[in-house]
Amino acid sequence: MENLVMPGLTRRRFLEQLGRVGGTAAVLAAMNAFGISTASAAERPPELKGSGKGKKILILGAGHAGATSAYELSKLGYECTILEARAFSGGRAQTARKGFVAQEMGMDAETCDFDEGLYINIGPWRIPYHHRSTLYYTKHFNVPLEIMVNDNDASYVYSSKGKGPLANKRIRQGEVKADARGYTAELVAKASASGKLEGLMKPEDKDMLREYLIHEGYLSRKDLAYHGTEGRGFKIHPGAGLIAGEELEPFAFSDVLDSRLWQFFESVTEFDMQHTMFQPVGGMDQIARGFEPHIKHMLHLNTEVEQIRQNDKGVTANWINTKTGERGSTTADYCICTIPLSVLHRVDTDFPAEFTEAMEAVAYAPVGKAGLQMKSRFWEENHAIYGGHVKTDFNAGYPFWSISFPSTGWQSQKGVLLGAYIFGDKAVELSALSQKDRIERYLDVGETVFPGEYRSNYEKGFTWFWHKARYNQGGWAEWSSEARATAYPKLLEPSGRIYLAGEHLSHMTGWQAGAFESAWMQIEKLHNRVVKA
Amino acid sequence: MTKIFASVALASIALSASAVFAADETGEQLYAKKCAACHSLNGQGQPALRETAAQPIPPLAGSGYLQDDPDRTATLVLKGKAGMPAFHLFLSDDQISKILTYARGAWGNQASPISPEVVAEARKKLGGDGFKMPSN
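Chains A and B, in that order, are what the protein sequence lines are. Read in order, the letters of the first sequence are residues 10 to 542 in the numbering used here. Read in order, the letters of the second sequence are residues 581 to 716 in the numbering used here.
Just so you know, these hints were derived from the structure itself, not from any lab. Bear in mind the structure is a predicted one, so any value in this text is a computation, not a measurement. Every residue gets a Cβ at the ideal spot worked out from N, C-alpha and C, and that includes glycine. One thing to keep in mind: the hints can contain errors.
What the hints assert, rightly or not - Some chain A residues near chain B, calculated using beta-carbon distances under 7 Å:
1) 111
2) 114
3) 124
4) 351
5) 354
6) 369
7) 373
8) 375
9) 438
10) 479
11) 482
12) 483
Claimed, not checked - Here are the computed distance ranges between Cβ atoms for each label pair:
13) B:606 - A:275: 35 to 41 Å
14) A:306 - B:635: 52 to 58 Å
15) A:208 - B:606: 33 to 39 Å
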């Protein structure tokens, strides 16, 4: 069941998968590795020996996987050429700011019109502390990082499908956490004290369980009851002189349960969501700007690949410059193809049928985001919410609708918040609407949580859906366990002289680290083949 | 990453809730909501940039694949395929039946309806643990 819930990669799931692929030895090795560190599988580029001089590499796509391949291989002397269909490098790691133009299929082009200095990351927006590969490049290229506030007890949760007095209103997250866990600790402590847990645990653990529950739930030592805790916040804040402050009263346990507000929390968040979370100062596209000076001379923008052919001597891509209409072809000894499978499977190629079928076994996630520019930072000024997310149970497709506040520009006049991050069928549904109608829906959600503030502060917005982007057709690859077992391994091996790379060929789909580490894996394979030949 | 905020219990509640609402919706209405953003209201898909290029999203009008084997078509909607999303978490058997029956009879298409039972059979064959949504 846990798997259904999506998350990228829990450690347990990773170990299970490893067990299938690599056997027990691999699991043990990985467990040992986890024991001493929490790093991603690969922390730095492979150390490659020997020269690639005289060999040409054709790289399709200038996202992170393509840029990484070009950057690392050219250091070894390879002559790289990158063909990129769009007018910019960086792939999905894009930032919408003033002047950014994007066009969804079937829609008019949209130009972002945020005020100078404001932006929204429309692709990846978080860098977990254990994604060492991503952090390798941010450090390597001197891309400054700042904290991305991914959790905030002062922010709200909102349950519209729950019942009772706590439903249909905004509640601070910390209040719900304290009460749900405090009352639960009280129940267990009292059950244990009255002997109801006998047979369920070792008798000698009883005393320590009691200590743990008192600690965990802020229980009174006297009667093992939960009476609230100052961590929930204050009615009257402590101040100077005689202002001692007055704590908020806890909610009733049954009201907390009925509200379903507990559904937004768990004992510990998924591994990929934990603090410390980073973001590049100035937008996620700063990573692409880091690569750019080093790959610029190899990079051909607005160059769409129409056909790929290979034989035992090399690989040829026939392309068209979508700006000038000029056609041409580029031939190389090998190719690293980072085009998303959603797009590649419709390109004219001469891959064996088995390889193409494997590409088609993966689904792509419909995903959309929207940045809404607000004329004041009312969440900071009026609510003391600095970063983090409002979590609601409004249907965002899968599963919740969240509103996320910027982790930058604190206390400045304006801000762009993430008004929508939408998945699944809901993303499909909303993407059928015009930009204007989408924003109306997003404002409705925000106005429910912040009545009188959200709409009146709204100035302008930028909406985007990845499944409607011609050169992406989806946010990220979604592998079923069946396709992981059958199709995926076929794509990890080269087809002739063509190596595929990208987030889709990792167990970190949708994460930048997946793209970096996939590229590292493939260039190592390619280079070893070249030096052995 | 919604996954972020997700819980399994919730996902199943969301699914059953949408199944309830779906009872009122026709195949045409469901198609407009769940499919038309990409395949377009008239079933023409998304146009190619130029004559020599493939359509990024193929037309459903006149589609042999859509009008052929019902089991294969239902499986495609459930599992997705390359650029196509997987809908098994989001659409009920009844909804998929209505959508496919509509699309197989619209825009000049003339294939037989697909019953919810056919979709249910295809769903059973999915096996495994379905798809995991990564967060990012």
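Tested hints:
1. 111: violated, 16 Å
2. 114: Since the shortest Cβ distance to chain B is 4 Å, the answer is holds.
3. 124: Since chain B brings no Cβ nearer than about 27 Å to residue 124 of chain A, farther than 7 Å, the hint is violated.
4. 351: Hint holds; residue 351 of chain A Cβ to chain B Cβ min 3 Å, cut 7 Å.
5. 354: With a minimum Cβ separation of about 4 Å from chain B (threshold 7 Å), the hint on residue 354 of chain A holds.
6. 369: Hint on residue 369 of chain A: holds, closest Cβ of chain B at ~5 Å, below 7 Å.
7. 373: At about 5 Å, which falls below the 7 Å cut-off, the nearest Cβ of chain B leaves the hint on residue 373 of chain A intact, so it holds.
8. 375: holds, 5 Å
9. 438: Residue 438 of chain A check passes; min Cβ-Cβ to chain B is 5 Å, inside 7 Å.
10. 479: At about 6 Å, which falls below the 7 Å cut-off, the nearest Cβ of chain B leaves the hint on residue 479 of chain A intact, so it holds.
11. 482: Cβ of residue 482 of chain A sits 4 Å from chain B, so the hint holds.
12. 483: Constraint on residue 483 of chain A satisfied, holds at 6 Å.
13. B:606 - A:275: 35 to 41 Å: holds, 39 Å
14. A:306 - B:635: 52 to 58 Å: violated, 34 Å
15. A:208 - B:606: 33 to 39 Å: violated, 57 Å
Hint check: violations occur at hints 1, 3, 14 and 15; the rest are consistent with the structure.
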